[in-house]
Structure formats: structure tokens, C-alpha cells
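These protein sequence lines are chains F and W, in that order. Throughout the first sequence, residue numbering follows the working numbering, covering 865 to 1113 in sequence. Throughout the second sequence, residue numbering follows the working numbering, covering 9 to 483 in sequence.
Quick caveat, the hints were computed from the structure, so don't treat them as lab data. All residues carry an ideal CB built from backbone N, CA and C; glycine is no exception. Treat the hints with caution; some may be incorrect.
[What the hints assert, rightly or not] For lysine-lysine, the following DSS-like pairs were computed, each having C-alpha atoms within a straight-line distance of at most 30 angstroms:
id, chain 1, residue 1, chain 2, residue 2
1, F, Lys1071, W, Lys198
2, F, Lys971, F, Lys998
3, F, Lys1092, F, Lys1064
4, W, Lys343, W, Lys369
5, F, Lys895, W, Lys356
6, F, Lys1101, F, Lys1064
7, F, Lys895, F, Lys1084
8, W, Lys198, W, Lys411
9, W, Lys343, W, Lys308
10, W, Lys241, W, Lys411
11, W, Lys411, F, Lys1092
12, F, Lys1071, W, Lys285
13, W, Lys285, F, Lys1064
14, W, Lys411, W, Lys369
15, W, Lys56, W, Lys356
[Claimed, not checked] Short derived list, chain W residues pointing at chain F, Cβ under 10 angstroms:
id, residue
16, Leu88
17, Asp91
18, Ala114
19, His115
20, Glu196
21, Gly259
22, Leu268
23, Leu272
[As the list claims (entries may be wrong)] Chain F residues, not near chain W, derived (Cβ > 10 angstroms throughout):
id, residue
24, Ala884
25, Arg888
26, Arg894
27, Arg904
28, Leu919
29, Ala1073
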Amino acid sequence: MGPNAGTCVVVGASSGIGLAVARRLAQSGRKVAMLARRERELMGQVATTNDVLGLQAAWGYVHDVADFAAVEPLFARIEQELGPVDEVHFVAGVMPDVAIDEFDLGKDRQQVEVNMLGCIAWGNAAARRFRERKRGCFVGVSSVAGDRGRVGRPVYNASKAGMDCYLEALRNRLWRHGVQVTTIRPGFVETPMTAGLRLKGAIPADKAAALILRARDRRKAVAYVPGKWWLIMTVIKLIPSFLFRRLSI
Amino acid sequence: MTDTPVISWRDEDVRGFGMAVGGRAQVLRPTTAEQVAAAFADARARGKAVALRGAGCSYGDAATNNGGLVLDLSHMNRLLDFDPATGVAVCEPGVTVRDLWRRSVAHGFWPRVVSGTMAVSMGGAAAMNIHGKNNFALGSFGECVRSFDLLTPRGELVHCTRASAPDLFHAAIGGFGMLGCMTRLEIETKRVHSGRLRVSAIVAKDIEHNLQILEDMRGEADYLVSWLDLHGKGAELGRGLMHRADQLRPGEDPDGLRFLDPTLQDVPPNLFGVVPKGWLWPGMWAAVHVGQVGLVNWLKFRAGFTEARNSPYLQTHGAFHFLLDYVPRWQWMTKPGGLIQFQPFVPKAEGARVLRAVIEKSQAAGHVPYLGVLKRHRPDPFLMTHAVDGYSLAMDFAVSARKSRRDSLWRLCQELAEIVLAAGGRFYYAKDATLLASSFPRVHGEGAVAAFRAQKAKWDPDRLLQTDLSRRLGV
């Protein structure tokens, strides 16, 4: 089995960036396990993917990433049904609307569970296997939102920062074993999650998927998607706290 | 006890898409069926007639009500459900074709019937029973409506399907908003096996050649539409460029999956990637006002030869269907007079003779349409149908701000209508602006008009629902 030839897992594949990544992987001839919580949407997308390609390239697995105990057995089941997995994309994420004066632990907890702990559960399950096999690639889709704590969505920022830091540690642990871990920090992307936000200059999800797979191919540690966000976030990270707290960004 | 909410109608200028007809009206934008019912009650109390209006894309006076009340349903625009297994959408009337395809295409479905602009609303599309470039194959918009809830002027909410209320179902679709307000519609879409279509361009040397291509291809093509340069005369009368588009089969388009991303379907906002298309209409305005429309048409016709040589090619569904959205606000090129569209529907046997006569007569009268679009149609089961087993030719006329010139255009259209009606032809109220009341029974037949008036008397006996169109036709 050559590089990038085994089964791919895309967690969060029923819409948005995850769906676009799954489609590009399926189009390139890979076997893709598509995972998502919403059964109707997921199974519809699996059926559409196979219909358009005229062959079976996608398999659907209903999965709630906050159900951490289900991750290990599901990983094993996918490998049993589709063959060894050598590529995992963690793209699941939630970003509930949060009012500027709202401090709701329920929403906060959901974001930490899905965005951060979900990534950790899948990262750990992949790491155990990839480390042993001395090959594999784990791509975590974080966000530019993890680069600074901001007034709008404190726990979205925190969950993405936690995920991002975990991915760096995972990369450092695994690179000496020949395993690639790539962190993706998307900026504005047109997806159902961002549909109500009217983001100026947002790129299509398909474009984001193309850039994510390019970062994978170039074995990048961290990639901003699109690349201009590296510059934007470098500037934002340089703003001192006493100034940043006065801004509304 | 609750207070009766005060309904505040806003005084606005309400025009057809072509800007040539319309006038001041009191407008309300409800967001729920309850608000529509309250508005009906309020209108009744004021003793004023109400017009229903969707996205305002009817060219003429189908959604205007000079001096009356207008219920603009564009804010009732929630897409309530889309079933990714069946492709059936449940939506409020203000949901647009764009809202629908953006949702459906992501799941591998495309609306069965779409217009040349994606701005039209579901309520408007059903009430006017719009058609697309596949009318000859899949029929009109009404044929993909599975059910709707109709709120009648007396406040009853009637759930209509083909089986549960066949008469009302077939009268309200295509009934130009005369029987009630559709507050919720169930719309079927169709499976597509790629985000793209295979498109071919064919140069047609005259009107007969165009009709021949339509006949030759209608058995196998999915979409057929011809752009006509109506400035061509003699042997080149009715010359144009036919576009045929076909669905792709599963596995046929290796890149078809990623084009299901709705963002890749949208019409590009810039010309050559840099010039915002919103800035193009002043250039087109200049072409209209210095009398160079003939030259623009000729250049487009010549460019058709190159396109024909380079076809077939693959194009997204959005880019193929929504030609009218390529240049935002293009209708402004006809300011200040605006535009009207004259679209006769002619039975197949009379097609060549009648269309030739219509084009020749408008050229002789000095009113040459700046745009002509030819399509193939098939009959449908709706009471106020405009469809025939034959052809339609949509002709866009710029309206002069000069009254004498405007009046002569109206007279011309009425004379052209005589030719069409004598041949058993029909008209379409989403486009019409000039038809006379005496022509109304001749379009549909005395029997159909009597049946429609009976439905009107049953569901809206006080004639609360009226538009400038319904008064002009004496509905």
C-alpha cells in the first residue's frame, strides 16, 4: 500500500468543509468513511457521492463526536469493513450563536466537547494505530478563531485554541514515528455554519478543501486557509492586550 | 383580552419588473400566515383590494395594484425542510429559486423547473405557473408542486393536493393570485448526477431553422432555448443561437461532485474576473439610447459561430439557467421608459407562419425587440394555462418615455395579439402588459374562463384579491 492509498475517515462530513474534503477524496479514487451526527443529511450525501461518481467510494457512519466511548470501536469497525485507515480528517465543529452578555455553560460545554475533546478522541484513536504502523496522516481543522480570545465567542476561541495546542503536541509526539499531523486554520469559508454571518471575501468550501489537501500533500505542520490569513492573524496576534481588549473584533 | 395589532401599510412605488407599469400602493410585508390573515381582514375593513406580490419579477402588472394594497411576501422566506433522500422541499412563498437551488444542489438535486432569473419566489412561480427551458420535457412549475396551503381571503386555510382538492389545485396554480395566498408549498426537485450540464450551441440561420432544431432535438435534449436576433430580415429573419443542454449520467463527469458546492454554481459577479457586473448596465443603456441595439445583436450573433465551434462544453447548472442574472439590474438599460415583454404561445402547426408575421410586423412598425427568446412547450393540466403544444417567442421591447411612441407600442402588441389569438395562441400573465379584456376568454376558451370565475366567486366572493392585471383583463 503506497502513501495516501488506504481508507480515509472524515469526521463531520455531512456539510461544509468536511463534505467538500470527503468529496475531493472520493473523487480522487479513495475509499471514504463519512461520519456525521445527522443521519438524514449524512446518508443523503453518501448516496449522492456514490451516485455522481457512478461507483461506491463513500460509506456513511452515523456518529456523535461527543460520544467519546464510541470512537475506539467505530475506528475498529471502519478498518474491519473498509480496510486499514491511513488518513483522518477531523472537521466536526459547532459554533452556536452567543450573545455578547451571555455566559451559558451548556453552549460552552458543547463546543469544548465537539471541537476539542472530539478531536482529541479521534486523534488518540488514530495515533495509537498510526504510531505502531509508522505511517498515517491526521488533519485537524481548527480555526483562525483559536489564535486570540475575542469578545464575540469566548469558548469557540478557547475550544479551537485547545484543539490547536493538542494537534501541535500530537505532531511533536508522532513525527519521529513517521506520522504526519497537520493543523488547518481556516479563515472565512462559505458553509452552512457561517451562512448567517455574511462574511466578506469568504471562499467556497470546495476551495478550502483543495487548500487543505494541498497542505496535506506538502506535509505542512500548520496551514492557514487561504494563506492570506497567516498575515492577518500575525498582525492580530501582535496587538497588545491593553489595546486588543478595547477593540470589537 | 388582547389588543388587535395595528397594521401599518407603507406607501411605496410598486412596479412590474419592467418598470413600465405600476404605481403608488400601500405595502405590507408579513412574515407569517397569521399576519397575512390579519392583513386580509384589515383590507376588508378598509374596503380596499389587495394584490399578492412575491419577488416582483412579473414584467407587467401581475403584482401591482395602483392606489390599492399590496402584500409583499418576500419576507415570508423560510425554507422549512429539505429531504435529502427524496429532494422534496417545504417552503414559505417568499423562498426564491436561488434559496431552493442553493439548498438542493448541495444534496445532488436541482429544481425541476427554473426561470431565467433565480430571483423569483416560490409563491410567485406557482401563482404564475412559470416555465423553464425544459417546458417541452418536464412541463410547467405547477407540475412539480406536490401540495400547498392556500389562505383564502375569508381566512380559511385549505390544504390542496391534486387528489384532495383537484379543482382548486389546478385553478390556484396559474391563477395569478386571484384565489388566495399560498402560505406553504411542497416542491419536488430532481436528482442530478453532476454539478454541471453538457451544453452545445448551434447557429440557426432563420426562424424555420430554429423551429426545425427544436423539433429534431426535443425527443432527446433536456433543455432547449434559442436566442434570436430579431433585427435579421429577409432570408435571415429569426436568425439566432440555439443552446441545448443535457444532464450527465452517473460517473460521466469526473469533476461533477465538487461542483455540487453551491458557491461554485453561482453566476460570477465580475466580468473577466475584475469588472463588477453591477456596473455594466450604463453601457447597455448607452447602446439602447444611441440606437446601437442592432449592432450589439449582430455582434452577439457572429460570436455564436465561435461558441458553436467550441461546443459542447460543460457548464454549471446555475451558469446555464440564470442568464438574466449575469448582468445585475440589466433592466435599467431601458430607463426611463422601462420595458415590456410580449410573449406569444403559438400552436406547432402555425408556428413558423405566426412567428414570422409577428417579427415582420414589429419590424415594419419600427418597434424592433432588443431581445428574442424562443422555446418549445407542451400543454399542462392547469385551468388558466398559457402552455400549448408549440412554441413561444419572448420579445423584449424598450418602452419610450414619449407618450405617442409608448401608445404605438401598446397598439402594436394588441395587433400582434390578434394574429396570435386567431391562430389559437395564448399568453402568459407573468409577462403580459397589453392584452385587452376582450382577449381574455379567447386565450383560455369561454369554458375555462367561466370555470375560473366560478372558483373566484367561491373563494373570494367579495373580490378582495385584485391586481392591475385582473382589472385590465376583467377577471
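Any hints this thing doesn't respect? Which numbers, in order? Result: hints 2, 5, 8, 11, 15, 16, 20, 24, 25, 27, 28 and 29 break, sorted rising.
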